[in-house]
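In order, the protein sequences belong to chains A and B. For the first sequence, this note's numbering begins at 1 and goes up steadily by one. For the second sequence, this note's numbering begins at 1 and goes up steadily by one.
It cannot be assumed that every hint is accurate.
Each pair may be met inside one copy or between any two copies, as identical chains are not told apart.
Claimed, not checked - Using 25 Å as the maximum straight-line C-alpha spacing, the simulated BS3-like pairs for lysine-lysine come out as follows:
1) Lys198 to Lys8
2) Lys119 to Lys18
3) Lys80 to Lys53
4) Lys89 to Lys189
5) Lys89 to Lys221
6) Lys14 to Lys2
7) Lys300 to Lys382
8) Lys340 to Lys382
9) Lys8 to Lys119
10) Lys385 to Lys301
11) Lys119 to Lys14
12) Lys2 to Lys119
13) Lys2 to Lys198
14) Lys221 to Lys198
15) Lys311 to Lys340
16) Lys340 to Lys18
17) Lys14 to Lys356
18) Lys301 to Lys318
No lab work stands behind these hints, which were simulated from the structure alone. Computed from a predicted structure; not experimentally measured.
Protein chains: 2
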Amino acid sequence: MKQTHEQKFSENFKQIPKSFIREILNVAGRENMISFAGGLPNPEFFPVEALSKSASEVFAQYGAEVLQYAGSQGYLPLRKWIANRYSQKFGVEINPANIVITSGSQQTIDVVAKMFVNKGDGVIIEKPSYLGGIQALSAYSPSFLPVNLEPDGPDLLQIEAHCLNHVPKLMYSIPNFQNPSGVCYSQQKREALADLLKTYQLILLEDDPYSEIRFEGADEKPIFSLVPEQVFWSGSFSKMVAPGLRMGWVVMPDNLCAHFVRAKQASDLHSNNLSQYILYHFLSNNSIDEHLQLVREAYKKQRDCMVRALKMYLPQAKYVLPQGGMFIWLQMPVNINTDKLVEQTMKSGVAFVPGKSFFTTNTGENFVRMNFSNACQSEIEKGIKIIADVLTR
Amino acid sequence: MKQTHEQKFSENFKQIPKSFIREILNVAGRENMISFAGGLPNPEFFPVEALSKSASEVFAQYGAEVLQYAGSQGYLPLRKWIANRYSQKFGVEINPANIVITSGSQQTIDVVAKMFVNKGDGVIIEKPSYLGGIQALSAYSPSFLPVNLEPDGPDLLQIEAHCLNHVPKLMYSIPNFQNPSGVCYSQQKREALADLLKTYQLILLEDDPYSEIRFEGADEKPIFSLVPEQVFWSGSFSKMVAPGLRMGWVVMPDNLCAHFVRAKQASDLHSNNLSQYILYHFLSNNSIDEHLQLVREAYKKQRDCMVRALKMYLPQAKYVLPQGGMFIWLQMPVNINTDKLVEQTMKSGVAFVPGKSFFTTNTGENFVRMNFSNACQSEIEKGIKIIADVLTR
Chain A
1 MKQTHEQKFS
11 ENFKQIPKSF
21 IREILNVAGR
31 ENMISFAGGL
41 PNPEFFPVEA
51 LSKSASEVFA
61 QYGAEVLQYA
71 GSQGYLPLRK
81 WIANRYSQKF
91 GVEINPANIV
101 ITSGSQQTID
111 VVAKMFVNKG
121 DGVIIEKPSY
131 LGGIQALSAY
141 SPSFLPVNLE
151 PDGPDLLQIE
161 AHCLNHVPKL
171 MYSIPNFQNP
181 SGVCYSQQKR
191 EALADLLKTY
201 QLILLEDDPY
211 SEIRFEGADE
221 KPIFSLVPEQ
231 VFWSGSFSKM
241 VAPGLRMGWV
251 VMPDNLCAHF
261 VRAKQASDLH
271 SNNLSQYILY
281 HFLSNNSIDE
291 HLQLVREAYK
301 KQRDCMVRAL
311 KMYLPQAKYV
321 LPQGGMFIWL
331 QMPVNINTDK
341 LVEQTMKSGV
351 AFVPGKSFFT
361 TNTGENFVRM
371 NFSNACQSEI
381 EKGIKIIADV
391 LTR
Chain B
1 MKQTHEQKFS
11 ENFKQIPKSF
21 IREILNVAGR
31 ENMISFAGGL
41 PNPEFFPVEA
51 LSKSASEVFA
61 QYGAEVLQYA
71 GSQGYLPLRK
81 WIANRYSQKF
91 GVEINPANIV
101 ITSGSQQTID
111 VVAKMFVNKG
121 DGVIIEKPSY
131 LGGIQALSAY
141 SPSFLPVNLE
151 PDGPDLLQIE
161 AHCLNHVPKL
171 MYSIPNFQNP
181 SGVCYSQQKR
191 EALADLLKTY
201 QLILLEDDPY
211 SEIRFEGADE
221 KPIFSLVPEQ
231 VFWSGSFSKM
241 VAPGLRMGWV
251 VMPDNLCAHF
261 VRAKQASDLH
271 SNNLSQYILY
281 HFLSNNSIDE
291 HLQLVREAYK
301 KQRDCMVRAL
311 KMYLPQAKYV
321 LPQGGMFIWL
331 QMPVNINTDK
341 LVEQTMKSGV
351 AFVPGKSFFT
361 TNTGENFVRM
371 NFSNACQSEI
381 EKGIKIIADV
391 LTR
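Chain A with its partners taken away, still in its complex shape:
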């Protein structure tokens, strides 16, 4: 009897959910579509000229070297730059030998999962959490252990209960301007979580792509700085510089780099060498802080614009005001099914991501993730008015 290809799929592969976001990216990217859907940075702020100049200079200065195979751990000057910036910023010692350059933070999640997760292993995850994280982890068939997010961070009692009942293999969290909720863990919760990690010997994958996109309030220290021997701290150039380069990094505990590198080799040998050189050259010859200041000011205005529009047109939506990042997470009245809502709003030219995608528990129908970084202010207001109009109908 003939077996279809689909019937041959691995059990793990079948667990990977589709990405609503990436499936609608083509639609959301259509002209005249106002998109609150993707986690897209505002391209207006991409340093096109500076990166173009860096590319020319790198080709002229290094020639063939940037086009050859390279070490799997990543370009050492770039790792040194990262170690230097974050050692200074957070008063924590970071060794470039403990950093691996990855092909974006999505790969970091995939590789950490590859290293640790057996089928059925407990993985503590925020509820809600980043869809891409859920996708990457799902490919290893974990048993997800969801933890509610409160306005100041995760429910610590739930984490402890999971540790007592399940011996989880790792926890995946996004402590700064979480995707999708916008929540930023308080210093108190960070310290309490660090204590729990120590007590239960729990490994944390601290996904931190948004910490540089803070509009207000003081920086919080990464949980990595509190318990460096148990945390994979994942950073990304996607929001700091540009996502099209697919460049991230991860700082990890001593003696794990060789293992991480082995898993990464199996996935893609090493990250794009040319882009590593261009990025390092750009960071060395430009002020990233000046660049980030522009981005922060702009995104803050876009967030404020969205908040004003929400107050005016969608007063029924509840949310925690995010102090940074790219998203506002709306809790709509319970009778609203946002899967159906988005079908309608897209007919009227507005896209967003319905909440269900961000849960491992088949819930969240009445939530909406709104991205405020990609659309301009007039579009933001117009788009939210359209959503409100569709809701009224």
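Given the structure of chain A, go ahead and fit chain B onto it with the hints provided.
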């Protein structure tokens, strides 16, 4: 009791062998080291200026677009270029909708394995085979079913026996200038293998990074062209243009792209957007055939130089003369342990890869993979003389 991080590693991760090649790349890349180790193209032929020009033009022409998140399937013009070139070259119909751009062919192997391989699933593999392929597949804990390579391709009776005894999930093979053996499947064996694939509904991952690096003889049709509904045909720009860009592609059967893309999304969202644009721009504005002609002529000379040196200094080494690619696979007398040999030759400034890495069967101690594409002719002769001297001692 405290559990170490290593004790928490997943069962699959533990199966990934270390890469001798990548571990010695740093050493092999040292000045004064003559390296026959890596599968490194000769950087002299990287089109540095043309790629630099492409980068400038792409930034100027497309601006922010090349730096934004992009669709997971890859840049459509690049997929069309690939479809066009290989449709013409092999008289087979290739639809750009059936192509996905990957972050190098290593990722193609990883993603295909992720899609199909459950722990213990049978995977037919050439004996010897590409170390990176063994690494990528091992991360899914298959049961490897090795098949001997003869000078004209795999032992077909062994393949059939595996199909009868094990119901294998897929076969991984490199039909052109195989890594490490240099073997090129004959037309007859390709047709017979295609028949076996059909009879046993076996999926083939046809890894084809070297087909454009043929020095002599006529091109053989890809097995994909004989049984397109069962073959993932993987190509790479690493040897055609430059490996530092980490760009490959895969042509697959109808209706599997959406599935492949979902698995790739979980791994890295999408491939480097800037590099896709640069590559397409380069391919559109330069003659890839003229470029390849240069590479082929140079590599042929380097191969011939290595063959002359082998005849002169290492007459005891047996090999099949490769008509293309980058490697000569040496069978040394059975009493020679090449793991120990390379330790000694590296002290004298010469690196190669001992054969054991290319077997899933813990054999191959008396084999050596010699890369002839990276070293210049005087180094090739000098290096082989050094190996011979070390052997004499």
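Quick rundown of the hints versus the structure:
no. : hint             : result
1   : Lys198 to Lys8   : between (42 Å within a copy, 15 Å between copies)
2   : Lys119 to Lys18  : both (20 Å within a copy, 23 Å between copies)
3   : Lys80 to Lys53   : within (22 Å within a copy, 29 Å between copies)
4   : Lys89 to Lys189  : within (20 Å within a copy, 61 Å between copies)
5   : Lys89 to Lys221  : within (9 Å within a copy, 57 Å between copies)
6   : Lys14 to Lys2    : within (20 Å within a copy, 34 Å between copies)
7   : Lys300 to Lys382 : within (18 Å within a copy, 64 Å between copies)
8   : Lys340 to Lys382 : within (20 Å within a copy, 71 Å between copies)
9   : Lys8 to Lys119   : both (18 Å within a copy, 13 Å between copies)
10  : Lys385 to Lys301 : within (18 Å within a copy, 69 Å between copies)
11  : Lys119 to Lys14  : both (13 Å within a copy, 14 Å between copies)
12  : Lys2 to Lys119   : between (29 Å within a copy, 23 Å between copies)
13  : Lys2 to Lys198   : between (52 Å within a copy, 10 Å between copies)
14  : Lys221 to Lys198 : within (17 Å within a copy, 58 Å between copies)
15  : Lys311 to Lys340 : within (23 Å within a copy, 73 Å between copies)
16  : Lys340 to Lys18  : within (17 Å within a copy, 49 Å between copies)
17  : Lys14 to Lys356  : within (18 Å within a copy, 35 Å between copies)
18  : Lys301 to Lys318 : within (20 Å within a copy, 71 Å between copies)
Every hint from the earlier list agrees with this structure, and none is contradicted.
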